[in-house]
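Visitor: Chains as they are written, first to last, in this note's numbering: chain A, 1 to 338; chain B, 1 to 338.
Watch out, some of these pointers could steer you wrong.
Identical chains share a label here; the pair holds if one copy fits it or two copies do between them.
[Said to hold, decoys possible] Below, in silico cross-link-like pairs of lysine-lysine (DSSO-like), each with a Cα-Cα straight-line distance of 27 Å or less:
#	residue 1	residue 2
1	Lys160	Lys254
2	Lys160	Lys2
3	Lys66	Lys254
4	Lys191	Lys254
5	Lys297	Lys157
6	Lys157	Lys254
7	Lys297	Lys193
8	Lys297	Lys66
9	Lys66	Lys193
10	Lys66	Lys275
11	Lys254	Lys2
What the hints contain is simulated information worked out from the structure, not anything from laboratory work. Please read all numbers here as calculations on a predicted model, not as lab measurements.
Spelled out from the first residue to the last, the chains are:
Number of protein chains: 2
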Amino acid sequence: MKAVIIGTCGHIDLALSVRDRLPELEFVGVAPGSANEDTREFFVEQMEPSLIPFYESYPAMLDREKPDIAVIAPFFHLQSRIACDCMERGIHVFVEKPMAATLEELDRIRRVHARSGVSLCPMLPYRYHPEFRAAFRAVEDGLIGEPLLITALKSYKLGKRHPVYTRRITYGGTIPWVAVHAIDWIHCITKGKITEISAGHTTTGNRGHGELESSAFVSFRLSNSGSAVLSADYFRPAAAATHGEESLRAAGEKGVVEVIGGEAVLTTADSPLEKLPREEPRAIFAEFVRSISSGEKLRITAAEAFEVCELALKSREAADTRTPVRFRQPDSGRKEDS
Amino acid sequence: MKAVIIGTCGHIDLALSVRDRLPELEFVGVAPGSANEDTREFFVEQMEPSLIPFYESYPAMLDREKPDIAVIAPFFHLQSRIACDCMERGIHVFVEKPMAATLEELDRIRRVHARSGVSLCPMLPYRYHPEFRAAFRAVEDGLIGEPLLITALKSYKLGKRHPVYTRRITYGGTIPWVAVHAIDWIHCITKGKITEISAGHTTTGNRGHGELESSAFVSFRLSNSGSAVLSADYFRPAAAATHGEESLRAAGEKGVVEVIGGEAVLTTADSPLEKLPREEPRAIFAEFVRSISSGEKLRITAAEAFEVCELALKSREAADTRTPVRFRQPDSGRKEDS
Numbered sequence: 001m002k003a004v005i006i007g008t009c010g011h012i013d014l015a016l017s018v019r020d021r022l023p024e025l026e027f028v029g030v031a032p033g034s035a036n037e038d039t040r041e042f043f044v045e046q047m048e049p050s051l052i053p054f055y056e057s058y059p060a061m062l063d064r065e066k067p068d069i070a071v072i073a074p075f076f077h078l079q080s081r082i083a084c085d086c087m088e089r090g091i092h093v094f095v096e097k098p099m100a101a102t103l104e105e106l107d108r109i110r111r112v113h114a115r116s117g118v119s120l121c122p123m124l125p126y127r128y129h130p131e132f133r134a135a136f137r138a139v140e141d142g143l144i145g146e147p148l149l150i151t152a153l154k155s156y157k158l159g160k161r162h163p164v165y166t167r168r169i170t171y172g173g174t175i176p177w178v179a180v181h182a183i184d185w186i187h188c189i190t191k192g193k194i195t196e197i198s199a200g201h202t203t204t205g206n207r208g209h210g211e212l213e214s215s216a217f218v219s220f221r222l223s224n225s226g227s228a229v230l231s232a233d234y235f236r237p238a239a240a241a242t243h244g245e246e247s248l249r250a251a252g253e254k255g256v257v258e259v260i261g262g263e264a265v266l267t268t269a270d271s272p273l274e275k276l277p278r279e280e281p282r283a284i285f286a287e288f289v290r291s292i293s294s295g296e297k298l299r300i301t302a303a304e305a306f307e308v309c310e311l312a313l314k315s316r317e318a319a320d321t322r323t324p325v326r327f328r329q330p331d332s333g334r335k336e337d338s
Numbered sequence: 001m002k003a004v005i006i007g008t009c010g011h012i013d014l015a016l017s018v019r020d021r022l023p024e025l026e027f028v029g030v031a032p033g034s035a036n037e038d039t040r041e042f043f044v045e046q047m048e049p050s051l052i053p054f055y056e057s058y059p060a061m062l063d064r065e066k067p068d069i070a071v072i073a074p075f076f077h078l079q080s081r082i083a084c085d086c087m088e089r090g091i092h093v094f095v096e097k098p099m100a101a102t103l104e105e106l107d108r109i110r111r112v113h114a115r116s117g118v119s120l121c122p123m124l125p126y127r128y129h130p131e132f133r134a135a136f137r138a139v140e141d142g143l144i145g146e147p148l149l150i151t152a153l154k155s156y157k158l159g160k161r162h163p164v165y166t167r168r169i170t171y172g173g174t175i176p177w178v179a180v181h182a183i184d185w186i187h188c189i190t191k192g193k194i195t196e197i198s199a200g201h202t203t204t205g206n207r208g209h210g211e212l213e214s215s216a217f218v219s220f221r222l223s224n225s226g227s228a229v230l231s232a233d234y235f236r237p238a239a240a241a242t243h244g245e246e247s248l249r250a251a252g253e254k255g256v257v258e259v260i261g262g263e264a265v266l267t268t269a270d271s272p273l274e275k276l277p278r279e280e281p282r283a284i285f286a287e288f289v290r291s292i293s294s295g296e297k298l299r300i301t302a303a304e305a306f307e308v309c310e311l312a313l314k315s316r317e318a319a320d321t322r323t324p325v326r327f328r329q330p331d332s333g334r335k336e337d338s
C-alpha cells in the first residue's frame, strides 16, 4: 500500500512513528495542505525529507502517486476539504481532528464519506491508549454500573504557538482542538447518549495568542439523566513535568473508575483502588492500516468520529452563544458506520 | 459564655470536638430541632448526655438557659427558622449549611441577621482547613494570576442514610448539602464574581434513597470571563479508604494550584509541583467563639455565607429547571457583612 502525507500542522507523527512496523506500507509523497504552510521547512529540518518525495501541490501528488491512504494534517480549517478531495478519489483517510471546522463542512464530509466507500479514521487515538482502554472496558463490563457522572480534564502547556493557532478561522478553537479528546472519552463511555450541551470559553490569559481560547468547559446532560463535565486549558505551566496533563473519572452506583497519572484505577464496593491491567500498546494508525486490509472494525468508527466532531462544534457554539445547545440522540436513522 | 445545641442532624462535632480547648465556653443544654428528631437517642448513645442537660423543647431551653451561642443542626429545612429564632433573641449562631432551604428563607435569615446585630457563622469549615487555606492564599497572592478555570469535586460514600435524606422537603438536595462546600471554595477564589449558573442532578443510582440526588454538576460563568465547574456525588464506593474525597484545581495564566490528597500543590512557570506550607490547623467553631469576644473578622463572613447559600439554592434551581440562572453581581448595594 502507498501512503502520502498532506500537511504537517497536526499529529502526523501518529503515522510516521509506526513506519517501521508497517512493511506493507510505503510513504510515497508529502505535500503542504496550502501554499502558505511551511511544510518544506518542517520536513527539511525535522523529517529526513530525502526519504519521502516532496510535492508543492497535493492534487498533483495524488494524481501522480495514486496512494491508497492519505495522512491529512493541514491548517485546521482545511482538514475536511482535503479529506473530501481524497475520499472522492477513493483514497482512505487518516485525518486530524476535529475533521471539520463548521457543521456545514461536517455535513459534507459525512456525505462524501458515505458515498465514497473508503475508510476514515480520525486522529483521536485514546481508545487505543492502554489506560483509557482499560477504563472504557471497565465501564462496558458494567463494573461501575450505569455511568452517571463523568468528569474530565485536558491541559497543555501554551508555549509560543504557530500563528495558525491565533485565528479562529485557521485554528477552529480550543474546544474542537483540545477538548475534543475529552469529548471523545465521554462519547465512548456514554455511547453518544447526550441530550444537551452547555459550554464556556475565554481568550483571557492566552499570552498574546490572539483569538486562541486559553480555557474552556463543556457540560453534557446525558440521556440516562446523568451528567458529564470537562475542562480544557493551556494553563499548564512551563515547569510542569510533561507537556500535557489529562484525567478522567466516571462514577456510577457500583463504582468509580479513573484515569490519572497514566494509570486506570477502579474502586468498587469490594475493592479499594485496583490498578486495572493494561493491554499492550497499539498504534491507531497501524490499526487503521490493518483494518483496511482485514475489514476489521476500528475502536472508533467513522460514524463515532463524526459524532465526536459534531459534539465539539456544538460545544463551541454553546460557548460562543453562551446558550445551551440540544444534541439529537443517536439512532435517529443515520447510516454512516464504516 | 454559654452555648446550647439545637438538633443533631448535622456537624455538631465541629463544636463539640473543640470543647476542651474553649474553657471560656460551657455547653448548658441540648434539644432537638423538632419533635420527630431522635436527638435523645443520639445523645444517650453517643454524646455522654450526663454532661449536657437535655431539653425536649429548644424554646424552653433558650428561655431558661439564656445562652450566648447556639449550635444549630436540626433537620435541614429547619435551619433558617431556628437560626432566626435564636438571632431574634440576641443569640450568636453557628448554623449548619446551607442555612436556608429556599430563597424566601434565605431572604428572611439575611434580614433577621442584619437587624439582630449578632454574629453568624456557617458550618462551612474549609477556609480553616490548612490545605485549602494554602490554596486560597496562593490565589490571593497572585501566584496563578487571575483564576480563569476552576474545577472541584466532592464525593461521599452513600451508605444507608437517615430518612431525612430521602425527601427534598427535609433534605434540601445534594447541591445545597454536598456541593455547597465546593461552591464555598469557588466563592472564596472568585470572591463571588459569578454571573450565571447551569446545573444538573439526578436521583438515579441513589440505592433506595427516595428523592436524594445521587450526583450533580454545577457550572458557573465568572465575571472575569472564566469558568468554574464542580461535581458532587454519593458514588464513593464502600471499600474506599476514606468516607469522603475532595479535590480542587484553580488555573490561571501564571500557574495552577491544586488541593488533592489533603495537600495543596502549586505549579508555576518556574517551579514544578511545589507543596505549599500548611498553617497549624484551626477549628472554625473556636475561631467563631474567639471572634465574638475579639470582634475579629472570620474568614467566611455572614455576607459571604449568605451568598454561598444563594449560589447553592440557585444552582439547585438551575438543576431542577434545566435552565441557566443569572446570578447578580456582588457590590449591588447589600450591606450585611458581619
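Visitor: Hint by hint, note whether the structure agrees.
Guide: Comparing the hints with the structure gives:
Taking identical chains as interchangeable, the C-alpha atoms of lysine 160 and lysine 254 lie at most 27 Å apart only when they sit on different chains, with a minimum of 15 Å there against 44 Å within one chain. Taking the shortest Cα distances, lysine 160 and lysine 2 never come within 27 Å of each other, neither inside one copy (35 Å) nor across copies (62 Å). Taking CA atoms no more than 27 Å apart as the test, lysine 66 paired with lysine 254 passes in neither setting, with 52 Å inside one copy and 49 Å between copies. In this assembly of identical chains, lysine 191 and lysine 254 lie within 27 Å of each other by CA distance solely inside one copy; the values are 19 Å within and 37 Å between copies.
Taking identical chains as interchangeable, the C-alpha atoms of lysine 297 and lysine 157 are never at most 27 Å apart, the minima being 34 Å within one chain and 39 Å between chains. Proximity of lysine 157 and lysine 254 under a CA criterion of 27 Å is satisfied inter-copy only: 11 Å between copies versus 36 Å inside one chain copy. In the homo-oligomer, the alpha carbons of lysine 297 and lysine 193 lie at most 27 Å apart inside one protomer (21 Å), although the nearest pairing across protomers, at 49 Å, exceeds that limit. In this assembly of identical chains, the alpha carbons of lysine 297 and lysine 66 lie at most 27 Å apart only when taken from the same copy (25 Å versus 76 Å across copies).
For the homomeric pair lysine 66 and lysine 193, neither the shortest alpha-carbon distance inside one copy (39 Å) nor that between copies (58 Å) is at most 27 Å. In this assembly of identical chains, lysine 66 and lysine 275 lie within 27 Å of each other by CA distance neither inside one copy nor across copies; the values are 47 Å within and 57 Å between. For the homomeric pair lysine 254 and lysine 2, neither the shortest alpha-carbon distance inside one copy (48 Å) nor that between copies (46 Å) is at most 27 Å.
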